[in-house]
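Residues per chain are reported as follows:
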Amino acid sequence: MLSIKVQRLITRIPAELAAGWAIARKDMMIYYLKPNIIVSGILFPLFMFLAFAIGRNEDPEALIPGLIAITILFSASSIEPVSIPIERRVKTFDRLLSAPISMNTLVFGESLSGFLYSLVIALIPLGIGVIVYHTQVFHIVFLSIAILLTSFCFATLGTLFAAYPTENVGEVMSMLNLVRLPLIFISGVFIPISTMPLIGQIIALLSPLTYANDLIQYSYGGSSHFTPVLDLIILIIFILVFQAGADKLYRKFNE
Amino acid sequence: MNAVEVLNIKKKFPSVTALDDISFSIGEGEIFGFLGPNGAGKTTTIRILTGITQPTSGTAKIFGHDIRTETIAARQSMGIVHETSNVYDDLTPWQNLMFTAELYHVGKGEREKKSVELLKIFDLYERRNDKVRGFSKGMKRRLTLAMGLVNSPKLLFLDEPTSGLDVQSNLIIRDVINDLASTGVTVFLTTHNIEEANLMCDRVAIINHGIIAAIDTPHRLKGTIQSVQSIEVSFDNSSVDNLSLVSLLSGVNDAKKVGDRYKLYTDNLPLVIEEVMGFAQKNGLKVQSITTLGPSLEDVFIKITGLERTGVIIHAID
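The listed protein sequences correspond, in order, to chains A and B. At position 149 of the first sequence (counting the first as 1) the number is 149 in our numbering, and the numbers step up by one without a gap. At position 48 of the second sequence (counting the first as 1) the number is 48 in our numbering, and the numbers step up by one without a gap.
Everything labelled a hint here was simulated from the structure, so no lab data went into it. Ideal placement from N, C-alpha and C gives every residue a C-beta, glycine not left out. Hints may be right or wrong, so weigh each one.
Okay, derived cross-link-like pairs now, SDA-like style, lysine to any residue, Cα gap no bigger than 25 Å in a straight line [said to hold, decoys possible]: (1) A:Lys252 x B:Asp66; (2) A:Lys252 x B:Thr59; (3) A:Lys248 x B:Arg68; (4) B:Lys137 x A:Val90; (5) B:Lys131 x A:Glu167; (6) A:Lys248 x B:Thr56.
If we take Cβ atoms under 10 Å as the criterion, some of the chain B residues that face chain A in the derived model are [as the list claims (entries may be wrong)]: (7) Gly51; (8) Gln54; (9) Ile72; (10) Met78; (11) Glu83; (12) Asn86; (13) Val87; (14) Tyr88; (15) Leu91; (16) Gln95; (17) Ala101; (18) Glu102; (19) Leu103; (20) Tyr104; (21) Asn151; (22) Asp236.
Chain A stretches covered by chain B per the calculated footprint, using a threshold of three residues with CB under 8 Å from any CB of chain B [stated by the list, open to error]: (23) 22 to 36; (24) 93 to 102.
Throw the hints in and build the complete structure from the sequences for me.
Structural data, given as structure tokens:
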């Protein structure tokens, strides 16, 4: 017999999901075309990639997975650090905090908009690879799962950082970039993990981008530093940790 | 069952105690006014009752649901109109209402029907598909109230609903609040407009320094300071400001100018009337009207909170 509390929780799931979807839709309507989101989510990773790729004479099939990974990192984590401080400033965030939904639903709904945004944006490097460089994907299922998990992972990371109680978008973005930029260099995107010094290889283990990039590399080239299943499991763990961390921080900062 | 039950709530921040052991209850269908100066603890009380902030100790129940442990069930029955008109400027009134209704799990058919009804009541129906960004302050405030009502709440929190609004919006909002009360909706109202509280509220609580200083019907609260009386007098030559002179008359404890009249506070009415008549005669003025008044809710507020009367404005009332 399920306890009454668990039964109540189960019966609430459809309503909570609908509310999460409503929050995501609201963000899509309001924020997707804001200039700072376009710059941070699309142009920044593209220029970053070009800065590293041009003149290095790398194989496109080695470059495109990295471009996909960093594009997802920047696009998925760019919506909430913009939308939530703005909503704090104009007090619409109080509407979400006082609605009859759980904090987990609020975090999920916010992350969902970043997730969907990056799914669309990820099509750009994917398309560049196929159309311009004629790259081939060997494991389309793994690539799809990799893009889905990576997008949700970094969207939740963005929501986690946006928990910092400020009304200033710049403050959240600065903190986030303090993490996002080093991730690019320690996660095997431009420098393969196997060629890194030992300390670099250890640090790389702490980065979700390492596993995202490894999984996407595997989908393209058929080989990976870790195993694809391990990459999947660790990405899921990162999502759960970010979700739980965000839930806790939003509660704490509303005290 | 009471709509709201607050028992021994304390809220301590690192540097200040915002609420110090407050307790009160609000019956179903009651319009309850919550008055207090800036920083008295009004907003903290609302944030605790709506589950946004947790109290340091004590309990608060909404229709029997503990706001701390049954937050979602407690919130389901309430509507909240925040002090700021926190609407989404980049959405239309229709989209704002649909979004709010979805957060409160209102079914599609019901939310559309309710939204049409509310947009018409608040005179926004013709503008339902325009972006809110271009709306006036009054229109945004009306939309905020409509969003607070879209889930047909049994308890409505109104934080300064008519502050700084145009006459049309003010009248619409007051009418709606009165209509809600007649249909059994409980209203928790914070306002800086003491006359509004006097006219609309069944009971009023005055909070100061985080403590409930008084709680009763406006009529009974006024009865507690019967010693404060006043007269209102107007002279024929209203263009000359005689405030400084009339305030020096014997028996006048305090004076203020209200439009073309002078309001003189005293605990000796006959003496002040005599002094006013003498003052008029001496200065060649004709007394156009003279009225004796009992204490107002404003007088009660000032006495309880220890604020000072300055001209026609009461300062530090939020």
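task = List in ascending order the numbers of the hints, as given earlier, that are violated by the structure.
result = 22
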